[in-house]
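Can you build the whole structure from these sequences, using the hints too?
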Amino acid sequence: MGRPGGVVLGVAGAAALIAGLTIFARAAGFGRIVVFSRTVGQTCLGDTYQSVNTVPNIVFEIVAGGALASLVVPLLAGAITMGDRERARQISAALLTWTVLALTPMALLVVVFAEPIATLLLGAKNCTGAVEVGASMLRVFAPQVVLYGVGIVLTGVLQAHRRFGGAALAPLLSSLVVMAAYVVFALRTPDDTDIDSLGLEGELVLSVGTTLGVAVLALSLLVPSRHLGLRLRPTLRFPAGVAARAGRLAAAGVAALVAQQIAVTVALVLGNGAGVPAGSVTVFTYAQTIYLLPWAVLSVPIATSVFQRLADRYAAGDDPSYARTLSAATRAVVLTALLSAAVLVAAAEPIARLLVESAPGRPSVGPLADGIAAFAPGLVGYGLFALLSRALYSRGEAKSTALACVAGWLAVVAADLVLAAQFPPEQRVLVLAAGNSIGMTLLGAALLAVVARRAGRPALGGVGSAVAGGTLCAVVSATAGWLLAERLDGPGLIGILVSGAAVTLCVVALFGAMMVVVARAELRAALSFVRRGRTPVASDRKESR
3 MGRPGGVVLG VAGAAALIAG LTIFARAAGF GRIVVFSRTV GQTCLGDTYQ
53 SVNTVPNIVF EIVAGGALAS LVVPLLAGAI TMGDRERARQ ISAALLTWTV
103 LALTPMALLV VVFAEPIATL LLGAKNCTGA VEVGASMLRV FAPQVVLYGV
153 GIVLTGVLQA HRRFGGAALA PLLSSLVVMA AYVVFALRTP DDTDIDSLGL
203 EGELVLSVGT TLGVAVLALS LLVPSRHLGL RLRPTLRFPA GVAARAGRLA
253 AAGVAALVAQ QIAVTVALVL GNGAGVPAGS VTVFTYAQTI YLLPWAVLSV
303 PIATSVFQRL ADRYAAGDDP SYARTLSAAT RAVVLTALLS AAVLVAAAEP
353 IARLLVESAP GRPSVGPLAD GIAAFAPGLV GYGLFALLSR ALYSRGEAKS
403 TALACVAGWL AVVAADLVLA AQFPPEQRVL VLAAGNSIGM TLLGAALLAV
453 VARRAGRPAL GGVGSAVAGG TLCAVVSATA GWLLAERLDG PGLIGILVSG
503 AAVTLCVVAL FGAMMVVVAR AELRAALSFV RRGRTPVASD RKESR
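Quick note: my numbering has the sequence shown finishing at residue 547, numbered continuously throughout.
What the hints contain is simulated information worked out from the structure, not anything from laboratory work. Even glycine gets a Cβ: it sits at the ideal position worked out from N, Cα and C. Treat the hints with care, since some could be wrong.
Pair ranges (Cβ atoms, derived) [said to hold, decoys possible]:
(1) 473 x 416: 16 to 26 Å
(2) 114 x 224: 25 to 35 Å
(3) 106 x 190: 24 to 34 Å
(4) 206 x 510: 27 to 37 Å
Written out as structure tokens, the structure is:
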């Protein structure tokens, strides 16, 4: 039997590896939107590209994304723990085969119905030629549906075998390819190119280059997957008993992701609605990318690294270890998300200036800053979603998890529709970002309730104190940082960078100092988990009584 210290150190080491590679990948993703803003910009072409490029991901997520994300690791955990490589190989091969078979017809349907889909998304937009160009691009984007499926299966297989590096590195490679496409587009087209002056060459550079980026994302995972030695071959047969469990988990995952993609579709339709300024969907996409940056760098590495461990502990019947690990991980996610939200609110203006000041298209610093700030409060709920959905799936709690997720995403839809009716079209980016935060907060709260009911209160020991203390610190530090940003609003790139750095340091320092005073135990537990993977047994047990 292995030493517990080695187990948690392994979790912390995996989180550090994922976080390190994810930082590079997300930095490249940030660079990608910077390049996009300086080449395509907040234009009709930018909105058209961003809208139709979302469609393959929507189709993939509805058909298979939620199912695959929720079942690959749990299905493989038992076989890997028992050392049954043949069973692991057969499960992996069957998942990959069924994924390709299910998604290929969906990709073909996207090709066939490209024009009606483009009309749904872009028909109300006051941009001549948007539907035609959008449909043409969408046909080239269609293979992404299958590529996303291959990528998520291979990612799950690698993570189940605790091989985190390749899965974290793939987005970096993808971003580099897509950035190269944007640069080629800028070099091959005039500076003022928009949708009404776009030639076939420019269109193909964007559409083919983007699809090549997704191909790199998926196919680069074949290299680390081969090192597992599983020798995957096409097969439709799962090992005995696996297909039924896969079906239960898949149904739950699909239900949650259908609701999520309904929310995405509603946001796209509202963002392209009548009277909404050109470039709004592009600006919304920028704001969402900034919002997802701390989530991917901080919350997801914690959630991903403990997923396999939670599945193993539950399979072994070790409920105390499961509860201690989840409690420490949840506190870490809550506090890092609150700190990140405070930084985004305070630094929204410098970030927006860095991205879109003097960029082609509609002036968008104000709308982008508003969108970033409005997205920020949703980080806590979305971070809890990343962790707690995995924790519940590791226990086989598919139905209750799905219900919580569906409720959260439908709350996003409801909030978007209500707010869009109350605010003018010029504030559509702010409205959509705020709607997302409302829904994600409700989603996080719902998942906390499910975990407390299914895993017991010890699994959330200390989380309430972390939320209360962290929220107070986040509000105060964000306010101080925002006031500082108002005073440091200097001109030029140097002024933007100085302002952003000073605001970030101010928020982090004040947040940390206040946490030492108002929630020292929760801060210590979260830092211990993030740095070393330690789960303080004594304090957890005391707090959970």
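Hints versus structure:
no.: 1; hint: 473 x 416: 16 to 26 Å; in the structure: holds, 24 Å
no.: 2; hint: 114 x 224: 25 to 35 Å; in the structure: holds, 29 Å
no.: 3; hint: 106 x 190: 24 to 34 Å; in the structure: holds, 32 Å
no.: 4; hint: 206 x 510: 27 to 37 Å; in the structure: violated, 44 Å
Checked against the numbered hints given earlier, this structure breaks only hint 4.
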